[in-house]
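In order, the protein sequences belong to chains A and B.
Take 1 as the starting number for the first sequence in my numbering and just add one per residue.
Take 1 as the starting number for the second sequence in my numbering and just add one per residue.
A few of these clues could be false.
Chain copies aren't distinguished; within one or between two, either way the pair holds.
Taking lysine-lysine pairs in the DSSO-like style, the calculated list, with each CA pair at most 27 angstroms apart, reads [to be verified]: (1) 208 with 57; (2) 71 with 184; (3) 29 with 218; (4) 71 with 20; (5) 181 with 71; (6) 55 with 12; (7) 78 with 181; (8) 71 with 52; (9) 78 with 198.
Just so you know, these hints were derived from the structure itself, not from any lab.
2 protein chains.
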Amino acid sequence: MKQILIQTNILKNNDDIARKNRQRLNDQKIFTINLLGSPGSGKTSILEQIIKHIKPKVNMGVIEGDLYTTKDAQRIEKHNVNVIQVNTGGICHLDASMVQHALQYLDIDYLDFLVIENVGNLVCPAAYDLGGDMKITVMSVTEGNDKPLKYPFMFQISSVIILNKVDIIDFTDFDIEEFYKDIKSLNEEIQIYEVSCKTGQGIEELSKYFESKINCKKGE
Amino acid sequence: MKQILIQTNILKNNDDIARKNRQRLNDQKIFTINLLGSPGSGKTSILEQIIKHIKPKVNMGVIEGDLYTTKDAQRIEKHNVNVIQVNTGGICHLDASMVQHALQYLDIDYLDFLVIENVGNLVCPAAYDLGGDMKITVMSVTEGNDKPLKYPFMFQISSVIILNKVDIIDFTDFDIEEFYKDIKSLNEEIQIYEVSCKTGQGIEELSKYFESKINCKKGE
Chain A
1 MKQILIQTNI
11 LKNNDDIARK
21 NRQRLNDQKI
31 FTINLLGSPG
41 SGKTSILEQI
51 IKHIKPKVNM
61 GVIEGDLYTT
71 KDAQRIEKHN
81 VNVIQVNTGG
91 ICHLDASMVQ
101 HALQYLDIDY
111 LDFLVIENVG
121 NLVCPAAYDL
131 GGDMKITVMS
141 VTEGNDKPLK
151 YPFMFQISSV
161 IILNKVDIID
171 FTDFDIEEFY
181 KDIKSLNEEI
191 QIYEVSCKTG
201 QGIEELSKYF
211 ESKINCKKGE
Chain B
1 MKQILIQTNI
11 LKNNDDIARK
21 NRQRLNDQKI
31 FTINLLGSPG
41 SGKTSILEQI
51 IKHIKPKVNM
61 GVIEGDLYTT
71 KDAQRIEKHN
81 VNVIQVNTGG
91 ICHLDASMVQ
101 HALQYLDIDY
111 LDFLVIENVG
121 NLVCPAAYDL
131 GGDMKITVMS
141 VTEGNDKPLK
151 YPFMFQISSV
161 IILNKVDIID
171 FTDFDIEEFY
181 KDIKSLNEEI
191 QIYEVSCKTG
201 QGIEELSKYF
211 ESKINCKKGE
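If we strip away everything but chain A, and leave its shape as in the complex, we get (with noise of 0.2 angstroms):
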C-alpha cells in the first residue's frame, strides 16, 4: 500500500524554507516576530501604537497577510514604515514560502526590526513556522477568558501574548485570573502584556521589550 502523507510533507518543505528564512533575518540581525490573532483581536492597531513609539529609534519593516484586501497595510503605510502586502488568495495562514517571497521586496540590509502579520485566525497559522525569532498573539478581553483552553497550540507555541481592549474590562465576564492561570498551565514561560489601543495603557512597555530585543539582536 502506498501511503500518502500530505500534511507531513507540506509542512517538511514550509519548515526547510523557514530554516533558509530564519538563517537570511539571523544573518542580517533582524529581530522578527510572527503577529498572531483572532480577527479583531487588534493585531495592526497594535502595530500602529508599537510604530509611534519606536520608529524613530530602529529601521523597521511590517510583512502583511491577508486574504484579499490591502486594508491593513494602507494603515501601516500611513506611518512611513516598509510594508509589504502577501495576499493569500482565501487561505488561512502564511507560509514560510510566501514570507520567503515578500523579503526580497524588502530592503533587508537596513532592517532592524520585522514584523509578519499573520491572518485572523487563532487555529491555522500555528501549524506554520514562518522563520522569525518569536511567535507573538494578540488575545482581546472581548473574546472571552475561555479561548486559551480552548485554542491551545496558538498560547502554547506563543513566546509572549498581548491582552489587548483592557480599558472595556469591566463591560465584559472576562476573568483575569481564570486568564493568567489557564496560561500558565499551558505554557509556563509565556509572558503577558495587558494593553489598550484606546488608553495608550501598557506600548510603552511593549515597545521598551521590543526594543531590547532587538538591542539583543543587534548585539549577536
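Given chain A, work out where chain B should sit, using these hints.
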C-alpha cells in the same frame, strides 16, 4: 504528468456527504443552521439566549464543534438541551462526515431545530458544507467593521449576520453605516440582526425569526 487535486477531491467528497445529511434532515423536517464566527464572537452565548426563548416551544438539538474541549457543550447542557460534542482534534473546521457521525447520537425523529456550532474561525469553515438549511455568521462589534471586506467568503455564503455585543458599541470605533454598506456590497439578500446577550436586545426578534423558519420547515 499526473496531477493530484487533493483539495477538489476532499471538497467533492464533503459535498456528497453534506447532500446526504441535508436529505436526512429534510426528511425529518428539521430546520438546521451552521453557526459560524471568530473565536469569542459570541456564538455559544447567543445560542444560550435563543434556547431560553424557544426551547419551551420547539424540540431542539445542538452539535458543538471544538478543537479539544467540551466547554461549550457543558454550557448548552445546563439548559437541558440534547447536545453532542464533536472534537476535531486540532482541525480548524467541522466537515460533513463529522456531522453525519454526530447525527447518529441525536434522536432526530423528535427534533424541530438543530444548531451546529462550528469551530471559531472566520476563514476555513466557510469552505465546508455540512448539510443544513442555512449558514449564519456571528460577529461582534469589538471585532471592527472592516471584517466583512477582509473575510468576504464567510459573509457571502451566510443568509443571516448576527451583530453581537451592540451594548458596548460606544466604546469601540465600529462604524455601523460602513458595516451595512460593506455587507450589502457582498451579499444583497443578507439579513442582519443586532443583538446583545448582556441586555437581551434583539434576542426576541431573532428567536421569532428562527421560530418562523422552524414552522415553515414543519409545514413543508
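Results for each hint:
no.: 1; hint: 208 with 57; verdict: within (11 angstroms within a copy, 57 angstroms between copies)
no.: 2; hint: 71 with 184; verdict: between (34 angstroms within a copy, 19 angstroms between copies)
no.: 3; hint: 29 with 218; verdict: within (5 angstroms within a copy, 66 angstroms between copies)
no.: 4; hint: 71 with 20; verdict: neither (29 angstroms within a copy, 40 angstroms between copies)
no.: 5; hint: 181 with 71; verdict: between (36 angstroms within a copy, 16 angstroms between copies)
no.: 6; hint: 55 with 12; verdict: neither (36 angstroms within a copy, 49 angstroms between copies)
no.: 7; hint: 78 with 181; verdict: between (39 angstroms within a copy, 24 angstroms between copies)
no.: 8; hint: 71 with 52; verdict: within (19 angstroms within a copy, 40 angstroms between copies)
no.: 9; hint: 78 with 198; verdict: within (18 angstroms within a copy, 37 angstroms between copies)
The structure is inconsistent with the numbered hints 4, 6, although it conforms to all the rest.
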